[in-house]
Structure formats: structure tokens, C-alpha cells
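Asker: Here are the chains, one letter per residue:
2 protein chains.
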Amino acid sequence: MSIKIREAKKEDMNQVLNLIKELAVFEKEPNAVVITSEDLINDGFGDKSLFSCFVAEVDNRIVGMCLGYPRYSTWKGPTMHLEDLIVTKSQRGKGVGYALFSHFIKFSNKKGVRRIEWAVLDWNIDAINFYKSNGATVSREWQIAQMNELAIKNFINKK
Amino acid sequence: MSIKIREAKKEDMNQVLNLIKELAVFEKEPNAVVITSEDLINDGFGDKSLFSCFVAEVDNRIVGMCLGYPRYSTWKGPTMHLEDLIVTKSQRGKGVGYALFSHFIKFSNKKGVRRIEWAVLDWNIDAINFYKSNGATVSREWQIAQMNELAIKNFINKK
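Taken in sequence, the protein lines are chains A and B. Under the working numbering, the first residue of the first sequence carries the number 1, and numbering increases by one thereafter. Under the working numbering, the first residue of the second sequence carries the number 1, and numbering increases by one thereafter.
Read the hints as simulated data drawn from the structure, not as lab findings. Incorrect hints may have been included.
Heads up, the list lumps identical chains together, so a pair's fine if it works in one copy or across two of them.
What the hints assert, rightly or not - Derived DSS-like pairs (lysine-lysine); straight-line CA-CA distance at most 25 angstroms: (1) Lys48 x Lys76; (2) Lys89 x Lys76; (3) Lys111 x Lys48; (4) Lys76 x Lys153; (5) Lys153 x Lys110; (6) Lys48 x Lys106.
Just need the whole structure built from these sequences, with the hints factored in.
Answerer: Below is the structure:
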């Protein structure tokens with residue numbers, strides 16, 4: 001079995017969106033995905049693209065993807081963030097995730113960043129062990145705060 | 001006392017860096033700050049700026065800052081990230097932090113994002129309560145994984 005990693009094209013965004021939805025189900029938030037493949041095409045390609053996306057192919061079929069973008073640390077300067085690393089369920093355990101992860105680390109390293117960062121759910125022990133075995137630290141110290149659309153609206157509109 | 005929030009200028013970056021270092025001491029990582037005010041000037045201004053920064057002035061003196069940048073959610077689309085919100089110790093408890101936070105939320109809302117996100121240390125109870133009281137959710141479920149320069153180098157160089 002050979003795994004090919006390549007830059008994603010606009011035409012892949014339907015399949016990429018299917019992988020995103022598969023991950024949302026796995027992460028127990030099946031209804032959280034509100035973006036469309038058109039959004040991904042508009043946001044990810046062209047001069048002002050908001051992310052970089054790579055797909056993994058096995059037998060010319062897309063079986064996984066990773067997606068990331070630049071961030072900024074006021075301690076370290078430019079960094080990279082790995083937003084998603086997804087391998088479709090039937091193709092796990094074959095090295096596809098490692099190939100995608102490795103590609104993203106090398107891609108980020110070429111940009112000269114001092115840090116690569118991502119988030120992982122605390123119950124996803126397989127993922128945590130995979131990341132640790134590849135040299136990442138996984139910290140419980142930081143908590144993630146979020147305001148969604150409603151919270152933003154309520155904050156703006158309050159007296 | 002009047003608090004003025006304004007966009008940061010290049011000339012402010014020395015004072016902004018002092019605030020960043022003050023926060024690093026508070027967060028128990030006094031040696032973690034490797035960037036310089038020149039880095040902040042190069043990275044934060046011009047056509048390809050990597051962040052937006054606002055400062056808070058009291059009596060024409062900078063006493064706080066907030067700094068953030070765009071991110072991308074594969075569930076929600078474009079989002080904003082609040083990297084730092086800092087008020088110098090002697091000026092806390094006077095509403096400076098709220099004024100900065102409020103400015104950043106309004107700034108982000110104008111961009112039409114569906115989410116604003118940031119990280120907070122789990123022992124920083126005052127900050128967590130402040131964020132919750134303003135409508136944010138603070139989750140323990142996500143852990144932050146990082147590879148620093150050495151981890152990236154080791155990963156790239158391993159056989």
C-alpha cells in the first residue's frame with residue numbers, strides 16, 4: 001500500500017468536508033459543522049487563503065487530510081497551528097495519520113516557526129499517545145475559552 | 001480616571017514588550033519570551049501583519065494591551081483568537097481589562113466571525129471568572145499539544 005500526500009485542490013473540498021463531518025461525529029458534535037465546501041474553496045485558495053490543506057491518497061482515493069494555518073506567539077513569534085488531522089475510520093492504523101502529520105511538521109519547519117501547536121480532546125488517548133510519541137508535549141494547564149455567535153451578540157448588545 | 005483604547009503604533013512596541021514580559025513572569029515562565037520589539041514591529045505592521053494590537057492608556061500612559069489574529073475553524077469558518085490581554089499590575093481592578101476585552105470583541109464582531117477563542121491558565125481563577133461573567137465558556141476538555149524548536153528539529157532529523 002502506498003500513501004501519497006499532496007496539496008489539496010478546490011475539487012477535493014467536498015471530500016475534505018466529508019472528513020471534517022466524520023471527525024465532528026467522532027468528537028460527539030455532529031451538528032457543529034456549519035461551513036460548506038464552497039466556504040472551504042473561498043477561504044482556502046487564492047491570494048488571501050486562510051489555511052493550508054493537504055490530503056492523503058491511497059489507491060488514488062482520498063482517505064485523510066490535515067489543515068493548518070499561521071498563528072502568532074508573543075513569546076516565540078510566528079507559529080503554526082494544526083487545526084485538523086483526520087483519517088477516515090476504515091483506513092486507520094496504516095500510517096496515513098503519521099504521513100500527514102510528518103508532512104505538516106516539515107511544511108511548518110520550512111516556514112522557520114519556533115512552535116507548532118494544536119488541540120486534542122482529553123479522552124482521545126490514542127491521539128495523545130501518538131503525539132507524545134512524536135515528541136509533542138500535551139498540557140492540561142491551559143483551558144480554552146470561547147465565545148460563540150450568540151455569546152458575542154449578547155456581549156455586544158448588553159447595556 | 002478615563003481609559004483610552006487605541007490601535008497600537010510601532011513606537012508602542014517597547015512598552016508592549018514590557019507588558020508581554022510582565023505576563024510571562026505572572027505565568028511563571030519569565031525566560032520564555034524570545035522575541036524583541038523589532039520582531040513585533042516587523043510582524044505586526046504593514047501589508048502582511050500577523051496580528052492586531054490595541055493599547056490602553058490612562059493619563060496618556062500605556063497600562064495595558066491586547067493582541068489577537070484571525071484563525072480558521074473547519075466547523076465555523078473564520079474565527080478570531082485573543083492571544084494576550086494584559087494590564088500592568090498596579091493598574092488592575094479599574095476596568096482597564098474590561099475596556100480592552102470589550103474593544104477586542106467588538107473589533108472581532110465587525111469581521112463577522114462565528115467564534116472568538118483564547119487560552120487561559122487553569123489556576124488563573126480571576127481571569128476565568130472574568131471571562132465567564134462576560135459570556136465565554138471555559139472548557140477543560142481540550143488539551144494543548146505543542147512542539148517547540150527542539151522537538152521539531154528532533155522529529156525532522158530522526159531516521
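Asker: Work down the list of hints and note, for each, if the structure agrees.
Answerer: Hint check results:
| no. | hint | verdict |
| --- | --- | --- |
| 1 | Lys48 x Lys76 | both (24 angstroms within a copy, 18 angstroms between copies) |
| 2 | Lys89 x Lys76 | between (36 angstroms within a copy, 23 angstroms between copies) |
| 3 | Lys111 x Lys48 | both (17 angstroms within a copy, 15 angstroms between copies) |
| 4 | Lys76 x Lys153 | between (33 angstroms within a copy, 16 angstroms between copies) |
| 5 | Lys153 x Lys110 | between (40 angstroms within a copy, 11 angstroms between copies) |
| 6 | Lys48 x Lys106 | both (22 angstroms within a copy, 23 angstroms between copies) |
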